[in-house]
Structures are given as structure tokens and as C-alpha cells.
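Q: Chain residues, written in single-letter form:
Number of protein chains: 2
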Amino acid sequence: MPYRAPADEYQFLFDHVVGLDKVTATDRFEEATADVASAILEEAAKMSNEVLAPLNRAGDLHPAKLENGVVRTSPGFGDGYKAIAEGGWIGMAASPEYGGMGLPYSLQNAVNEMMGGACLSLQLNPLMTQGQIEALEHHASDAIKDLYLPKLISGEWCGTMNLTEPQAGSDVGALKSKAEDNGDGTYAITGQKIYISWGDNDFSENVCHLVLARLPDAVPGTKGISLFMVPKLIPDENGVPGVANSLKVVSLEHKLGLHGSPTAVMQYDGATGWMIGKPNGGMAAMFTMMNNARVGVGGQGIAVAEAAYQHALAYATDRKQGRAAQGDTILGHADVRRMLAQMKADVFAARAIAASCAAAIDMQTATGGAEWTARAALLTPIAKAFGTDVGIEVSQQGIQVHGGMGFVEETGAAQFLRDVRVTAIYEGTNGIQAMDLVARKMMDGGEAAYALIDEIEAYAEECKGTMPDLAGPVFTAAETLRETTEWLVEQELNDRFAGAVPYLRLFARVLGGYYHLCAANAAGADSARARLAQVYVQRILPEHGGLADHVRQGAQDLYALTDEDLAA
Amino acid sequence: MPYRAPADEYQFLFDHVVGLDKVTATDRFEEATADVASAILEEAAKMSNEVLAPLNRAGDLHPAKLENGVVRTSPGFGDGYKAIAEGGWIGMAASPEYGGMGLPYSLQNAVNEMMGGACLSLQLNPLMTQGQIEALEHHASDAIKDLYLPKLISGEWCGTMNLTEPQAGSDVGALKSKAEDNGDGTYAITGQKIYISWGDNDFSENVCHLVLARLPDAVPGTKGISLFMVPKLIPDENGVPGVANSLKVVSLEHKLGLHGSPTAVMQYDGATGWMIGKPNGGMAAMFTMMNNARVGVGGQGIAVAEAAYQHALAYATDRKQGRAAQGDTILGHADVRRMLAQMKADVFAARAIAASCAAAIDMQTATGGAEWTARAALLTPIAKAFGTDVGIEVSQQGIQVHGGMGFVEETGAAQFLRDVRVTAIYEGTNGIQAMDLVARKMMDGGEAAYALIDEIEAYAEECKGTMPDLAGPVFTAAETLRETTEWLVEQELNDRFAGAVPYLRLFARVLGGYYHLCAANAAGADSARARLAQVYVQRILPEHGGLADHVRQGAQDLYALTDEDLAA
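If you're matching them up, the sequences are chains A and B in order. Residue numbering for the first sequence follows my numbering, beginning at 1 and increasing consecutively. Residue numbering for the second sequence follows my numbering, beginning at 569 and increasing consecutively.
Do not take every clue at face value.
Distance condition first, Cα-Cα at most 25 Å in a straight line; then the derived DSS-like pairs of lysine-lysine [to be verified]:
#, chain 1, residue 1, chain 2, residue 2
1, B, K888, B, K633
2, B, K614, B, K633
3, A, K278, A, K145
4, A, K65, A, K248
5, A, K320, B, K791
6, A, K176, B, K888
7, A, K223, A, K278
8, A, K178, A, K320
9, B, K888, B, K713
10, A, K178, B, K888
11, A, K176, A, K223
12, B, K888, B, K846
13, A, K223, A, K178
14, B, K744, A, K320
15, B, K746, B, K713
16, B, K888, A, K223
17, A, K176, A, K248
18, B, K746, A, K320
Have a look at the derived ranges for each label pair, beta carbon to beta carbon [as the list claims (entries may be wrong)]:
#, chain 1, residue 1, chain 2, residue 2, range
19, A, E50, B, E1132, 23 to 33 Å
20, B, A711, A, T562, 54 to 64 Å
21, A, D79, B, Q835, 39 to 49 Å
22, A, A439, B, A1093, 29 to 39 Å
23, B, N750, A, R57, 41 to 51 Å
24, B, K744, A, D328, 10 to 20 Å
25, A, T33, B, K744, 52 to 62 Å
26, A, P216, B, R625, 38 to 48 Å
Computed footprint of chain A on chain B, listed as stretches where at least three residues anywhere in the stretch have a Cβ under 8 Å from a Cβ of chain A [said to hold, decoys possible]:
#, region
27, 712-725
28, 905-919
29, 964-977
30, 999-1013
31, 1095-1102
If you are wondering where the hints come from, they were derived from the structure by calculation, not from laboratory data. As the structure is a computational prediction, the values presented were derived from the model and not from experiment. Beta carbons are placed, not taken as given, at the ideal position from N, Cα and C, and that holds for glycine.
The shape of chain A in the complex, shown without the other chains:
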């Protein structure tokens, strides 16, 4: 059951749902013509299908290992990485000044999903590097940019993010790693970092760690954090890696999934680092890196959902059971069909949300327009949390479609669930995403949300004549979202937090309806798109009512229930 990267889906989304033409109409992205975009989708799909997909199982069965302090990656991963690097897929959105292609993030996002569906654990590596490239582009000195960016963009070197410490996870401000001024423009970094994805490898010439640490006089909390570039091998001025830095991989985690991706505990013992951005300005730089990484992780969820869907569909198309005497497969059974239809409908919804977010990011980049900045900021936590939730849910359903075979590892259905599970946790748990949505992203009083809801309602209104069965429920759901948002922005923060997760899902449900409606409208009433939209609107969208009720509870009942009650 070979993986088939969804290039056609992205082509459709670009052409008919998220309107990539408005992105490529800008000066900034004028070179990303329709032909270029198509060629990129096609090439990346081919590489994903032919080179990366065959590595997925090997990564699971033969995890990365730490041997005498050296990380040994899974069989074939070195060659897979080389193919990614040589294809230019790492730095495709990076600045041409340093060897990048300067393409829209929309395309990068599409390519990332295709690579992730093929082999998530390997794809995580360039995803980390891309985040680092972006952080350096925005915050590093010219000297650092000149030295590091060409190597990261070409893939000769890889990048990592070092935030988490044992006592500082979601609460980044609690981190303790120290940075002491060496007096020569460098800093001595000391501390332990955990959950470092791709903390080391045996296929890149160097590994560049971006590490959050505190200067000696820093204030407590997030305002006292600075960011440092700490390379594994210290490069000379020509970019030739030299002496080994004072850092090491202490151990690799034994994880539920993503076995091909080495998750390291890193130890820094006075390692030499260069400050990125301003003293105590580390969080700003890190947020640059993390924001798009969040969309990227949402894309990982969608990637696995797509792969799990294809896998389950292939099984259902082949598996005879029940009315087998008539040659029927389980695809003919209503309940199996329901599962597959819902899986496909949700993959579309999640992907459209992510693509829409990516397009907003591009418009922000190209125009600097405040409305695009707000739109991108609003959609980012939704794209991340909903994409990864869909990844988990679709993988779960994929196992269920397989019946007993789903529980047997050889089938491959279980690996999707094991691999994707972490995506709801890393880059900020989905709870953190939801809190970001109801707090930071509502500091405008809901303005960005209302602008999007207005857009949805106006579009649904337009379609009411031609597609009443779809447009009507979408409009109604959008109204519920508006009323719920109006209620939400009036509440204290903790009352918002108590309903943050269902609010985010409510928002995603409405967005999913909107994009399904766009797709159906573009493809026509008698199209596969319209039929899939019908499934979404009839079976899935009704979830929104219960979610809205949930949101409106506030926090009171959660605290009325005492700690003792919970432990009783």
C-alpha cells in the first residue's frame, strides 16, 4: 500500500480554496508562478513517494541509537536526508541571498506535509532546521547569518531548538541554563536540555543548537531569557567545522513512536555560544521560530492523517468480509464507509485550515498588512491543534478500519498513531495552543475572529442560493461561533481557559465547514467535493453545538470540584 503524496489536493486548495494567486500577485512572491508551484508539488511528491516513504517502517523498527556518545540513525535515513537536502526542500522558503529559493511558505508547508506523510520521523529534521533558518533570518547578526544560513539552507548542517528543561516545559520561563560572557563576543553555556528532537545525527556535517539560557543578571521568568547559537563543531570563519564544542548527547528517549527521530537529553558544559538577538530578548526570537514550527507540526498531524487514511482505504478496498460471496469488500459496509468518509472529510478540513494559515503568513510577509498578521496569528494555534488532533483521530479510525489487523504492528496502522501522538504535545501542547487562542489572540477584543467570521458568513450567504444544504448549516454554525466568541471575550482569563480546548475545536469545525463549502462551490454541486462536503456538514459539523455549550461553562464547576473530589 504505497503512500501517494497529495500534490493534487494542494493544487486544488491553491487554485480554489485559499487563493494562492493573491500571494503570487505580490512583488515578493511574483516568481512563484503557477507553473513553478505545480512543478514543485510534483517533484516533492515524487521524492516523498519514492525515496522517503520506503524509510518509514525501517525508522520504526530500527530506532536511532546512542553508541559511545554518537547517534546512529535508522537505516537509509542518511540517504533520505541527502535527497531532501539536494532537492532544495529545506531552504525553499529561505532567502535567495543565502541560497534559498524565496518561495512562499504555502509551498513549503505543502512540501513539508508530503514529506511528513512519507516518513514523519525523518521529516522532523528539516522542519527543525527551517525554524532555525527563520529565527536567524529575523534576529541574527550579519556575521552569524553569513556563516550559518548557507550551510543550514543547503542542508550541510542541521538545526535544533533547545527550550525544555526538566522543570521547564510549558512554562519556558522557569528554565535555568546559564550563559556567561566570555568577554570575546562569545558566551559559555551550561545546563541540561531535554526533548531535543534530532539532537544529533550521523549524516550532517554539523548540528547547530539554538539554546535558551539566562545571563547572570537576568530577571526571573521569560523576560530574562536570551538565545544562543551553540554549534556541535565550532566552525572557522570559512564555515569549516573544527573543534568539538563542550556539549553532548546524554541519552535518547525510549518513545511511544517517532523511533527514527532521536530525542535527546543534551548537556552543555560551558559550551561556546553566540548570542542571537538582544540580551534578554530570547523569547521574541524563539517565538519567530516556534510560530511557523507550530503550523509545521499541525502539518505533521495532517500528513499522518492522510497516510493513515490512504492505508485504511486500501485495506477496506481489498478486504472481503460479510457479503463476501457477492465479492463485496468492507468498503461497502455502511459503518466502514462512514469511518472513511469522516476521515477524508476531516483531513480536508484540517489541511485547508493549515493552507489558509500558510497563505496568511505569506501575505503578512509580502505586504506587512496588519490584517494578515492578525489572520495568521489567529489561525496558527488552530492549525496546530486541530491538525494534530485530526492526525490522532484519523489514525485511531484507521486502526479501527483494520479490525484485528490494526492491533498487529506488521500492518503499519498502529505506527501512524504512535508516531503522530506527540504532535499534540510538542511545540506547545494543544491545551497551550487553545489558551493562546482565547487569550493572546483575543487581546484585540475578538476583532480578527470577527473578521474571519464575517468572511465566512458573507460567503455562506452568497452560496445559499446554489448550495442551500451546505451553506445554511455553515452560516448557522458561524453564528454560533460568533455568539460564543462574544461571550468569551467578556470573560476573565481563567473562565476562558476552562473552555479553551472546546472553543478551538468549535472554531476549527466552523472553518472546516467553510472550506468544504468553498471546495464544493468551486467543483460544482455534482462533484466529489460537494459529496464530501455533505458528509462533513451533516455528520461532523453538528458537533459544534455541544462544543459551544461546553465553552460557556466557565471555570467555576472545575474548581467547585476540589482536589479531594478528584482524588476520591
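Assemble chain B onto chain A, guided by the hints.
A: Relative to chain A, chain B alone:
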């Protein structure tokens, strides 16, 4: 974070929710006094906590292995099994005539959950034996009963169920194993069976396989299936195991979870078997075995949900993050608290449904009353599917509460998900359960469902004065369930199937509300029970509206969406 078996919860359910007193008021169960029940809960909890729980991780890390045709079980499992057998926990509901305790199934069900929460993979072994005991009690000849029952009840021998073949999973009628009359009262059984839980072990004196096979002249489908007892070692008339039968374990599956439970491919090559029940009457006997096994598997889901909840709560109570300077743990964070509150509320709901089903089974046994038979039949698929769905969902949330630690295997949170995942699949997938509910269990035109809905509404009506915030929404939800049921029973079968899964969940949601109301009412408005009920009714019960909408779609849209559409 040691497991603490929920003996108190069962005591409360027995006393205040499912009314065990009506069971023990019958002649059949008069010996199961309140004191006896309490003592059993306490003893079983102690054994589960102290003997079984310490084995859970070992079973995961050191899976059962097949070595030279012999199954080697996980470290400590032999001793754990011995403790279960010697405690009398295997045959506690079995007939005293053969060494059982003749206790209500309600108690058996409670003990099974407690053992399952401690170590699911080991608990699955006696669960299988219990099903076999019941099948033999109802369908076997006296000679077979005399020979096998005392050994199975004492635990000297273990029992298995052999239904599935590679081409015959949910469609049992497609099985091909043959049974040829040897002319001496025995049959020669030939065929391959897959997914045989605990197909062999190294701690019981014998393993007794109940095998479905076809006589040479049998008609196709389920009406041509007979059931046979096929022991691993053929016992002499005194019950001493002798010569090895012509059967073997071909291989063990490499599974997502439940590593401590050997899942075997079994090969029978003219193995000697004894028919159980009538020729071609195998399905009836198998259903006896499977029906209660379904409740038992539902209990496995609840068991893991309870364990995962306790594990997550302990983590949240201990983990400092965020406002850590004030000594706060993440238990104080609204979103974490929401997750834990929902987990606890759903564990209660699922457990109450299962306990209610068990009580109905007991009343059926004790009184033979048609209303109890119908009630038990109606609740069985709900108890199975909802219990296991809750097992998966709560395990998922448990991982999420742990953040990054949830993805690291050492934490143990991931094992719960891996272990419980199969419970939604085996003993009939949850889709099959839902189809059973909307088809077979509605052959009465909805009578059994309406009787239960009447009971719920009458109770909610009673409570409206004292607990309006709880009783009102429960009444409303029950009305929605009634209307949805009225719609459902008028539909063609395939239109029912298309909404079967959401219908089952809708039913479970309403039942959960009912039992939470019972608990709150019993404990009083100012009680932990009432506060938990509030969370359920406000945050979870609203899900019912969307589910009802989903049910009413029928199958049309699923088939309008063509196979090509799904593959597009």
C-alpha cells in the same frame, strides 16, 4: 504511583446506583449478602494492588515469547496467575456444583475490572476462562462438565476461544475449519485460527480450546458451525492430562500493546475434539460465551481508564509548572483540571453502565424475567463499546496531561493506550456492537430502549425539584434519545447502520447522565458526586445533540460518495 483498585466505587454503585440489593434479594443470590460483597471487593482490591499491579510493566517490557513451540510468559505472570486462581477469582460466579462460588456476575464484573486495571494482559487470561466456563455450563454434556468445569474453575486449566480465521473475522460465518466424526464420540478438528488470546501459557496444567468448525455436510454461513472442546493435553477420565493433542501454536503476534498476553496463531491438524451443544448449533453456544465476554471487555476499557486516570492525577498533583513560584501544580490549571474532571466523569459513566448491565444479567439469571433479558441484551453492546471507547479516550487524555513525559515510555502513560486499544476491536469491533444495538436489539421495535428511557425520564422528573440543574438536562437528553430511537426503528437496516456508532454513543451519553444524577441524588447536592455530575452534565452531555443529528442522516450520503470519490 501505585494503582488503587476502585472497591469503594463499586460499593457505592451497588448501594446507590444499580441497586445490588434487588439481586441479592433473589433466592439465587441470597448468599451474596452485603457483608460478603464488601469482603470480596476488599480482598480482590488488595490482591490487585499488591500482586497484579507490580506485574503490569514487566508484561509490557518482556512480552510472552514462543520458544521451540513453547510459550514463555512474562516475568512474574505465573505467580500472578496462581494468586488469581487461589483467590477463587476465576470461578466466583460459576456453579458451586463444580467448585464455583455461585456469586452474582455483578461481583465478578467488579473484580474483573479491578484485576484489569492492575494488569490487563494477565487479567485477559481468566476472562477467557470465565467465558468458557459459562459456555460449558449452558451447553456441554454432563460428562464434559464433570471433567472440565472443576479444573477451569479452580484455574488448574485455562480456557480459550477460537473463532477467527484469516478470512473470517467479523464475518464468523465464513470460517472453514473442519470437524470430521471419528466415530467414537470425538471429532478430528483441522484448520488455522488466528488472534487466539492466551493460546498457550507455561503456568497452567492444561489449555482448553473451544473451537468453531464445520461438519462435512454443514450448510454455509453461521448455521453450519459447530463448537468443539479441543484440549491441549487430552485428559483421562480422572482429569489427568495425558497425551498431547494434534495442535500447536504457530506464532505469536507482535502487537501494539497487551504484550504480556500471548496472541497466537493456532494450527489444528486432526486434533481430537468433543462437540459442545448440538451439531450446527455452535453459534448459540458461542454467543453465550461472547455476550458476557463483551461486558467483560467493556470492563477492560473501564479498568484501563481508571488506571490511566489515577496515573494522570498523580502526575498533575505532583508536577509544578507555570505559577510554580506559588507552589502550584498543574492540577490548578483550568485546562488540566478540565481534562481530569472529564476523565473521572466518563469513567464513572462507563462503569455505571457496565455495572447496570451486570445487574440486569444477574436478574435475568435469578428470575428469568423477559424484561431483564431484554435489558441485559440492550445494555451489553453499549457497555462493551462505550467502556472501551472511554478506555481509549481517557488513556489519550492521560498522555496529554503528562505533556512530553506522556510520549516517553518509561512514564507508563503510553502503555495504557497501547494496551487498551484492542478492546475496541476484539469480541466484536465497536462498529459491530453498534450494529447489534440498532438491529438485533431493536427487533422489539424499540421496546427495551423505551422502557429504559421511561425509567430515566421518570427519575429525572422526580429529581427536578431538588436537582434541577442536573435533572433538567438529563430529561431533555433522554427525550432526544427517545425521538431518535423512534426515527431509527422506522428505518431500513442500512440506514440504521450508517448512524449506529453515533446512536450507541448517544445512548451511552444519556445513560451516563442518568447514573450521574442517581449518584448525585444519593450523595446529596453538596457532595463530590454532585459536583462531578455537574461537570458531566454541563460539559459532556451536550455532545448528545450533535450525535442525534448525525444518526438521522441515514446511509444515503455515504453511498452518494462513490468508491472513486473516496480514492480521489
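Q: Taking the hints in turn, state whether each one holds.
A: Evaluated hints:
A threshold of 25 Å between alpha carbons decides the hint, and for K888 (chain B) with K633 (chain B) the separation of about 41 Å lies outside it, so the pair is violated. Taking the CA atoms of K614 (chain B) and K633 (chain B), the gap is about 29 Å. The hint is violated against a cut of 25 Å. At roughly 15 Å between alpha-carbon atoms, K278 (chain A) and K145 (chain A) fall within 25 Å of each other, so this suggested pair holds. Proposed proximity of K65 (chain A) and K248 (chain A) is supported: the alpha carbons are some 14 Å apart, at most 25 Å.
For the suggested pair K320 (chain A) and K791 (chain B), the alpha carbons sit about 20 Å apart, so the restraint of at most 25 Å is met. Restraint check: the Cα-Cα separation between K176 (chain A) and K888 (chain B) comes to about 15 Å, which is no more than 25 Å; the hinted pair holds. For the hint pairing K223 (chain A) with K278 (chain A), the CA-to-CA distance comes to about 11 Å; that is within 25 Å, so the pair holds. Taken as a hint, the K178 (chain A) and K320 (chain A) pair is broken in the structure, with Cα atoms around 62 Å apart against an allowance of 25 Å.
Taking the CA atoms of K888 (chain B) and K713 (chain B), the gap is near 58 Å; set against the 25 Å cutoff, the hint is violated. Straight-line distance between C-alpha atoms of K178 (chain A) and K888 (chain B) comes to about 21 Å, which keeps the hinted pair within the 25 Å bound. Distance check on the hinted pair: K176 (chain A) and K223 (chain A) sit about 13 Å apart at the alpha-carbon level, within 25 Å; holds. Using a Cα cut-off of 25 Å, the hinted pair K888 (chain B) and K846 (chain B) is violated, with the two alpha carbons roughly 63 Å apart.
For the proposed pair K223 (chain A) and K178 (chain A), the alpha carbon gap of about 14 Å is at most 25 Å, so the pair holds. The straight-line distance between the Cα atoms of K744 (chain B) and K320 (chain A) is roughly 15 Å, inside the 25 Å bound, and the hint therefore holds. In summary, the hint linking K746 (chain B) to K713 (chain B) is supported, as the alpha carbons are separated by about 24 Å, within the 25 Å threshold. About 20 Å separates the Cα atoms of K888 (chain B) and K223 (chain A), which keeps this hinted pair within 25 Å; it holds.
Distance hint between K176 (chain A) and K248 (chain A) is fulfilled; the C-alpha atoms sit about 18 Å from each other, no more than 25 Å. Straight-line distance between C-alpha atoms of K746 (chain B) and K320 (chain A) comes to about 21 Å, which keeps the hinted pair within the 25 Å bound. Take E50 (chain A) and E1132 (chain B): their Cβ atoms lie about 25 Å apart, and the range 23 to 33 Å holds. Restraint check, A711 (chain B) to T562 (chain A): a C-beta distance of roughly 60 Å satisfies the suggested window 54 to 64 Å.
For D79 (chain A) and Q835 (chain B), the Cβ-Cβ distance of about 41 Å falls inside the hinted range of 39 to 49 Å, so the restraint holds. Between A439 (chain A) and A1093 (chain B), the C-beta spacing of about 34 Å keeps the proposed range 29 to 39 Å intact. With their beta carbons about 46 Å apart, N750 (chain B) and R57 (chain A) fall inside the hinted range of 41 to 51 Å. Range check, K744 (chain B) to D328 (chain A): Cβ separation about 18 Å, and the 10 to 20 Å hint holds.
Between T33 (chain A) and K744 (chain B) the beta carbons are some 60 Å apart, a value that agrees with the proposed interval 52 to 62 Å. Distance hint check for P216 (chain A) and R625 (chain B): the Cβ-Cβ separation is about 43 Å, which falls inside the suggested range of 38 to 48 Å. Counting residues of the region 712-725 of chain B whose beta-carbon sits less than 8 Å from any beta-carbon of chain A gives 0, not enough to reach three: the coverage restraint is violated. Closer than 8 Å: that is the beta-carbon criterion, and the region 905-919 of chain B has 6 residues meeting it against chain A, so the requirement of 3 holds.
As drawn, the region 964-977 of chain B meets chain A at 9 residues by the rule of a beta-carbon pair under 8 Å; at three or more, the given contact holds. With 3 residues having a Cβ less than 8 Å from any Cβ of chain A, the region 999-1013 of chain B passes the three-residue criterion, so the hint holds. Look at the region 1095-1102 of chain B against chain A: 4 of its residues bring a Cβ nearer than 8 Å to a Cβ of that chain, three or more, so the hint holds.
When the structure is compared with the earlier hints, violations turn up for hints 1, 2, 8, 9, 12 and 27 and for no others.
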